[in-house]
Amino acid sequence: MHLADGVVNQVPVVLSLNLLGACAVGVAASSALRQGTKAAAWTGTLAAFVLAAQALNLPVLPGASAHVIGGGLLALALGPARAIVAGFAVLLVQALLWGDGGMTVLGVNALNMAVLPALSVHACRRLFGESPRGLALAAVFGVVLGNLLGACSLALALVTGAGAPSGITVAWLLGVQAIAGLAEGALTALAVRSLLERAPALVYRRGRESAAPPSLDSQLENRPTHGNALRFALIAVGIVIALLPLASASPDALAVVLAHLRVAR
Amino acid sequence: MIGRASPAARLVCALVIVTALATLPLAVPAGLLGALVVVIALLGSVRPHWGVLGKRLLPALLMIAALVTPLLLSGSGARAAAVFARATLAVLAALAFAETLRPEELGAALRALRFPPALAEVVTTLLRQLEALGGEARSIGLARRLRGAHGPAFSADAVATLLIRAHDRAERAQLAQRLRGFGAETASQKARLRRSDGALLALSGLAAAFLHASARFS
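Residue numbers (this note's numbering), protein chains in the order written: chain L, 927 to 1191; chain X, 2 to 219.
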C-alpha cells in the first residue's frame, strides 16, 4: 500500500493529502510527548517488529500480494497517539533508508497506513470495550476497517492525482486490502490475547500509561509541545505555498480519464 | 562531497532532489532526459554498492508496477510508462542518498532538523531494535526446535515472547545509555547543519532548478 514518489501527478492532491497526514502525525507526536517518554522502548520495539513484518509480502489473490500494515497491533498495544507515531517512524525509515514508499508522499502514506488504521482500531476498541473478547473483536473489525479506509484514501489519490480509472482502482485496492485485513486482524487478535496473558501491563489501557521504567522519564517531560505542532503546521503551509507554482500544466486527471472514455466510445 | 556533509544536510538534499524528480511534468521527454542525467551524476558521485542497490530497487519497482497497473489496464500505456520512468528515477535518487546515510545517523539527523523528539526517539529505538529482534527470533526458533516443537515456526505465543524479550532488552539498553550520559542531544549535535554544507545544499538546489527548467523550456 506504499505510494511511491512520482506516481501521483497532481501537486495539489499530493500537497493536501500530505498536509492532512502531517497534521495528524504532528498532533499525535505532541500528544505522545505529553504522555512522557516512558514507553519509548516499547514503542520502538513494536515499530521494529512492524517494520520487519512489513517486509514479508504474501500472495492474496492471483497476481496480487499484500503485507501486514501493523496498525492494529500498534493501536491496541500503544494507544492511538503512540501508534500513529510508531507507524510514521516505520514509514520514515522505509522511505529514507530503504527507498520503500516515497519521501514526497510520506504524509499520504502516513495517512493511509498509520493514521486511518490506528484511529479505526481505536474506534472499534471503544465500541467493543476493554474485555479480552472486545479487544479481539476490535482487532479483527478495526484492522479490516482501517485497511479499507486506507485503500479508499489511496484510491482517491490515484484516481484524482494520477488519472487512474476509478472502477478498476477501487475494486482492486479494496478487494486485496479486505482479504489482507481479515488475515492480519485474526493474527493481531491472537498476538494481543497472548500479550494480555503474559504481560498485561504492556497492553495500552485508557487512562493508564503503558509499562515503563520511571527513571527514564526525566529529560523530555516538561518540554512545551504546542510550539512543535504550530511550527510543523507553519512549515507545512509554507511548503504548500512554495510548491504551488510547480503545479503541473498537464490536463486534470479526471479530464484525462474522460478523454480516454470518449476515445473508447 | 555528499559523504562529507552532515546527515541533516544529506536528508535535506535528498528531499530537494527527490521532490524535483517527483514533480516533473510527464508530457515533456526532455524533462525525463534531464532527470536521467541528474540521477546518473548522483549515482556516480555516491558510488553505491550495486548489489545492495539492486536488492532494494527490485521491491520498489514491483510496488510502482502495481500502482500503475490500473493505468495500463485502462489502455493508457504511454502515460503508465512515463509514470513508471519518473517514479523509478525518483526511487533511484532516494536509494542513492540512502546509501550515504547510516541507520544510526537517522534519528540524530531528524532531531537536528527539529522533528518532534518523540518521533526521533522512536526512530532511534526502532533501528537499534531491528537487529535485536532478529537475534531474539533466531534464539526462540532454536529453543523451540531443541525442545522438539512442531508446527509453524512462529505462533502468536512466540511473537508475544519475542516482543517481551526484545522490550526488556531495549529498556536495559536505554537505561544504560542514559546512565552513561549518552543522550539524544549529544548525538544530534554531530548531525546538525554546518557552514560547510552550504555548497552541497546550493548544488542540490541548482540541480532541482535545472531539472524543472529542462522540462519547462524545451
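Misleading hints may appear alongside valid ones.
Stated by the list, open to error - Sample of chain L residues facing chain X (criterion: CB under 7 Å; computed from the structure):
no.	residue
1	V933
2	V953
3	A955
4	A958
5	L1023
6	E1056
7	A1090
8	L1121
What the hints assert, rightly or not - Residues from chain X shown here face chain L by an in silico Cβ test under 10 Å; the list is partial:
no.	residue
9	I3
10	P26
11	V38
12	A94
13	A110
14	L131
Claimed, not checked - Covered stretches of chain X, as calculated for chain L (at least 3 residues, CB under 8 Å):
no.	stretch
15	160-173
16	196-210
These are computed hints drawn from the structure, not numbers from a lab. Computed from a predicted structure; not experimentally measured. Just so you know, even glycine gets a beta-carbon here, dropped at the ideal spot from N, CA and C.
Check your understanding: Which earlier hints can't be squared with this structure?
Key -> Of the numbered hints given earlier, those the structure breaks are 2, 6, 9, 11 and 16, listed in rising order.
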